[in-house]
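Enquirer: Sequence:
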Amino acid sequence: MSVSTAIRPTETWQPPAPLAAHEFEIVPFAEGTGAEVLGLDLSRELGSADFSRIHQAHLDHHVLVFRDQRITPQQHIDFSRRFGRLMIHVLHQFHLPGHPEILVVSNVVEDGRPVGLGDAGRYWHSDISYKAIPSLGSLLHAQELPAEGGDTLFANMHLAYDTLPAALLAAVHGRRAVHSYLAKYGELQQRGNWRPNLSPEQLAQVREVVHPVVRTHPETGRRALFVSEGFTTRIEGLPEDESRQVLDELFAHSVRAAHVYRHQWRAHDLVFWDNRSLIHLATGCPAQLRRTLYRTTIEGDAPF
Numbered sequence: 001m002s003v004s005t006a007i008r009p010t011e012t013w014q015p016p017a018p019l020a021a022h023e024f025e026i027v028p029f030a031e032g033t034g035a036e037v038l039g040l041d042l043s044r045e046l047g048s049a050d051f052s053r054i055h056q057a058h059l060d061h062h063v064l065v066f067r068d069q070r071i072t073p074q075q076h077i078d079f080s081r082r083f084g085r086l087m088i089h090v091l092h093q094f095h096l097p098g099h100p101e102i103l104v105v106s107n108v109v110e111d112g113r114p115v116g117l118g119d120a121g122r123y124w125h126s127d128i129s130y131k132a133i134p135s136l137g138s139l140l141h142a143q144e145l146p147a148e149g150g151d152t153l154f155a156n157m158h159l160a161y162d163t164l165p166a167a168l169l170a171a172v173h174g175r176r177a178v179h180s181y182l183a184k185y186g187e188l189q190q191r192g193n194w195r196p197n198l199s200p201e202q203l204a205q206v207r208e209v210v211h212p213v214v215r216t217h218p219e220t221g222r223r224a225l226f227v228s229e230g231f232t233t234r235i236e237g238l239p240e241d242e243s244r245q246v247l248d249e250l251f252a253h254s255v256r257a258a259h260v261y262r263h264q265w266r267a268h269d270l271v272f273w274d275n276r277s278l279i280h281l282a283t284g285c286p287a288q289l290r291r292t293l294y295r296t297t298i299e300g301d302a303p304f
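Residue numbering for the sequence shown follows full-length UniProt numbering, beginning at 1 and increasing consecutively.
Just so you know, the hints here were simulated from the structure itself, not pulled from any lab data. There could be a bad hint or two in this list.
[As the list claims (entries may be wrong)] Simulated DEER-style distance windows between Cβ atoms: (1) 92 x 31: 33 to 39 Å; (2) 92 x 187: 18 to 24 Å; (3) 144 x 240: 42 to 48 Å; (4) 173 x 241: 18 to 24 Å; (5) 245 x 93: 35 to 41 Å; (6) 200 x 242: 32 to 38 Å; (7) 218 x 245: 27 to 33 Å; (8) 245 x 48: 45 to 51 Å; (9) 165 x 108: 22 to 28 Å; (10) 48 x 189: 44 to 50 Å; (11) 148 x 241: 38 to 44 Å; (12) 109 x 218: 37 to 43 Å; (13) 244 x 284: 22 to 28 Å.
None of these values were measured; they are calculated from a predicted model. C-beta atoms are modelled at their ideal positions from N, C-alpha and C, and glycine is treated no differently.
Can you make the complete structure from the sequences, with help from the hints?
Expert: What follows is the structure, encoded as C-alpha cells:
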C-alpha cells in the first residue's frame, strides 16, 4: 500500500525558508585592537548584510583575523575588491604569476632566486604610504608558515595620537611629512638579497610624497598618527636635527606595548588590517624555516 504525500486539508503549505545568512562570530581581542572572525567561509560570496557587518567590524577593530580560509588566489582578490580598487606593487618581480594583484611575501629561494619579498615588513610601516593615494588596507593570506617565529605586530595609531604628550602634539600640529619608498631600500639591499635594483620605470612610480603627520580617518573621523620609520624621512618646515628628533619620538611613542597587538599566525589565516589606523612590523623567523603569504592591497584616498 502506498503512502500518500498529499497535503492534508488541515495543513497549511509554507514556502521554503530563504537561505540563511552566514552565521559567524566577531570576537574582539583582549588587547583592545583587533578581532577574529569565526565560522565564515570566504570561498562563498557574502551577501550585502554580512559584508556590511564585516566592513563595520573592520572600522571598529582595525584588524580582522579570518580563521581557516581555504580560498584560492582569485577568491582572495575578489573579496579584497569589494572594499575598493586594488593596488599593484612596484616590485613586479614578486607578483604571483597570473595574478599581479597579489604580492608574494616569502623567504623561500628556489633555483637560487627568491620567490617572494623575503624582507617585507622589516621596519614599522603603513603599506603604500609612499604614494599620493595610499592604501585603505591590506589582506595577507597564510600559505606556508614556519614552526616558530613569523609573528606580525600591529600598532594602533589612533591610540598613539590620543596619548601623545602635549609638547609632542604641539610640535606636530598642522605639520606635514615626507614619505619615500626608498627611505630604507638601500639599507635593505645591503642586508640581504631580496631587493632588486629598481628600473627607471619603477623609480618613477615611487617618487616622494607629502602627507599630514596627523590624518583623519575618512570613514570614522578619528585622528591617527600617520608616520613610520619605514617610509617617513622628514617633517617639512623643521630643521633637519629637530625633524629627526621629533620623528624618533613619534616612532617610539607609536609602538609602546599598550598600543600593540601581536598576531601569531595559524594555518590558513587571512588577516585584513586598516593602513589608515595601524602600522605593522614583521618579526621574522629562522632563515631555514619556510614562510610564504599572499598579499593584496586596497587603494584608499588622499590623507587629510
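Enquirer: Return holds or violated for the Cβ distance of residue 148 and residue 241 against the range 38 to 44 Å.
Expert: The hinted range 38 to 44 Å holds for residue 148 and residue 241, with Cβ atoms some 41 Å apart.
Enquirer: Given the range 37 to 43 Å, decide if the beta-carbon distance of residue 109 to residue 218 lies inside it.
Expert: 40 Å, holds
Enquirer: Using the beta carbons of residue 144 and residue 240, state whether their distance is inside 42 to 48 Å or not.
Expert: 43 Å, holds
Enquirer: Range first: 22 to 28 Å. Now tell me if the beta carbons of residue 165 and residue 108 are that far apart.
Expert: Once the Cβ atoms are compared, 43 Å apart, the range 22 to 28 Å for residue 108 and residue 165 is violated.
Enquirer: Against the range 18 to 24 Å, how does the distance between the Cβ atoms of residue 173 and residue 241 compare: consistent or not?
Expert: 20 Å, holds
Enquirer: The hint says 33 to 39 Å between residue 92 and residue 31; measuring C-beta to C-beta, is that right?
Expert: Holds, at about 36 Å.
Enquirer: Determine whether the Cβ-Cβ distance between residue 245 and residue 93 falls within the hinted range of 35 to 41 Å.
Expert: 37 Å, holds
Enquirer: Holds or violated: the 32 to 38 Å window for the beta-carbon distance between residue 200 and residue 242?
Expert: 34 Å, holds
Enquirer: Taking 44 to 50 Å as the stated bounds, is the beta-carbon spacing between residue 48 and residue 189 within them?
Expert: Between residue 48 and residue 189, where Cβ atoms are some 46 Å apart, the hint holds.
Enquirer: Does the Cβ pair residue 92, residue 187 satisfy 18 to 24 Å?
Expert: The hinted range 18 to 24 Å holds for residue 92 and residue 187, with Cβ atoms some 22 Å apart.
Enquirer: With respect to the beta-carbon atoms only, verify the hint that residue 245 and residue 48 lie 45 to 51 Å apart.
Expert: Given a distance of about 49 Å, which is inside 45 to 51 Å, the answer is holds.
Enquirer: How does the Cβ-Cβ distance of residue 244 and residue 284 compare with 22 to 28 Å: does it lie in that range?
Expert: 26 Å, holds
In this structure, only the earlier hint numbered 9 is contradicted, and the remaining ones agree with it.
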